[in-house]
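Each chain is listed here by its residues.
Number of protein chains: 2
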Amino acid sequence: MINKLVDKIKKLNAPVVVGLDPMLKYVPEHIQKKAFKEFGETLEGAAEAIWWFNKEIIDKTCDLIPAVKPQIAMYEQFGIAGLAAFVKTVDYAKSKDIVVIGDIKRGDIGSTSSAYAVGHVGRVSVGSKSYDAPFDEDFVTVNPYLGTDGVKPFVDVCKETGKGIFVLVKTSNPSSGEFQDQKIDGRPLYELVGEKVAEWGEAHMGDSYSYVGAVVGATYPEMGKVLRKIMPKTYILVPGYGAQGGKAKDLAPYFNEDGLGAIVNSSRGIIAAYTQEKYASFGAEHFADASRQAVIDMIEDITTNVGLK
Amino acid sequence: MINKLVDKIKKLNAPVVVGLDPMLKYVPEHIQKKAFKEFGETLEGAAEAIWWFNKEIIDKTCDLIPAVKPQIAMYEQFGIAGLAAFVKTVDYAKSKDIVVIGDIKRGDIGSTSSAYAVGHVGRVSVGSKSYDAPFDEDFVTVNPYLGTDGVKPFVDVCKETGKGIFVLVKTSNPSSGEFQDQKIDGRPLYELVGEKVAEWGEAHMGDSYSYVGAVVGATYPEMGKVLRKIMPKTYILVPGYGAQGGKAKDLAPYFNEDGLGAIVNSSRGIIAAYTQEKYASFGAEHFADASRQAVIDMIEDITTNVGLK
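Top to bottom, those sequences are chains A and B.
Going letter by letter, the first sequence gives residues 109 to 417 in this note's numbering.
Going letter by letter, the second sequence gives residues 109 to 417 in this note's numbering.
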């Protein structure tokens, strides 16, 4: 699956991923109204609204983007109905040949991480039968706080299914440094985590990059530069571009000399583009056309500033 | 909710929590057979089997135990059907007046942690309506790797609903030391996390303990001793007793002089008790009676060795 991701990024010259984090406040009123009319102002209504919203964005951007990254929390908050909308979104994106990175940030002790891995990127056994993972993303994000025990079960499962993971190394949020930047023998914790990611990745290599990727926030480019060197064969998923403050000119250090090695995420900046002044002329009715234009602008911004064109 | 948990622990003289981590291999064959007959060897069949298994264990132990801790991964692996069984288990335990600690180990950037918090321990807004959290546990476990940003949204939501969290500090698994034990200015990372937990906890205090608890594995008693001092008002959830190797005689440091401050989890040791030689005479048909006896023995073991009786 890492090979497919790399191929798609090369073919589209688009090292971008659209974050499908559909907070209800981003969903245009006409969609909410229609969903609430049919299902009431219920969890089911909310779930249906975000699914319709996602579907239209996928339809209008699928020829431009290699991947989407649905954030499961935005679905989980609406319970079972919300998670059903997550599954529908994953399946629909895959039907459009888009790689799906499930942003689930799971991680636990070994036997428990195995269960998460099986349910998201593996195969599930029930009695004498076995099934594709019920969530069935192509990649998932994993939290490393529990160490190798908590990550290896994901790698093991991915080896069987040809899927992959992105391990949190240095996150994009303001307080990420509180623990991640703490110095151990003069070097920050995230560097140690980065070294482990490179090590875990050696066990599951694709053609030129590993199936084990890393998450490094766009908001910390100096750290991105160091981590790029520590993890040369690791694809870096870069959140924090756009709405969170990361600029395209800061993204160059995340890429390798082959022009690959990083994929930049934007969520709000794309899915809620119609709420920005720049794209306001599309109007809420044409929110997905605004998203399409925002994707085109994002690809242009990144490829120009990073020197990929 | 921390006050209710403390009251129940005192009343029952039972600082224990039963981990409802129902791997299918723990579910007796007669239950699996019945569920598969009705629903097939499907995800629904698996979900129904673990729900029936849980229900019988809850019925047979609810008068002895203050709390249960369902591990959501064991349900999530069976997809939507599995998560519906999780919700049924949470609701059923609460109907029996048992405190429910959802072992979900979520944690993300601020806006995303808010969504998890709302969906598990908060209230969800849809249009003009608002609903109880769809998962609605009394407590949840939280991963601290993202720092204050990722934890505070849970605390804020819990302040509104009177619920609480347990933050991972030092986990029970063998590789937990890989990052958690790394020395920062001579002190391990888990101590820094412990200090933060104490600080976060000051913002949401119950009568004698905080609504913000900590997870510290039974497998590391020396560290438990240090952490007890760093977090005097923090309830410590202690996994790793029994099947993972933690012994009752090592648990004393986790408790305060008031005989409170810690609650010890056992999962396999209780729910799969009937598979142990010690309880084999109950037979698989009476697995829940074996669980009841294992709970009685666990309470006796802990209260005797810790000096609570």
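The set of hints was computed from the structure by calculation and includes no laboratory data.
None of these values were measured; they are calculated from a predicted model.
Hints may be right or wrong, so weigh each one.
Remember, identical chains collapse to one label, so a pair may be satisfied in a single copy or spanning two.
[Said to hold, decoys possible] For lysine-lysine, the following BS3-like pairs were computed, each having C-alpha atoms within a straight-line distance of at most 25 Å:
1. K133 / K237
2. K119 / K145
3. K260 / K133
4. K337 / K291
5. K116 / K386
6. K260 / K118
7. K237 / K142
8. K168 / K204
9. K133 / K291
10. K142 / K337
11. K145 / K237
12. K116 / K133
Q: Sort out which numbered hints this structure fails and list those numbers smallest first.
A: Hint check: 2, 5, 6, 9, 10, 12 fail, others pass.
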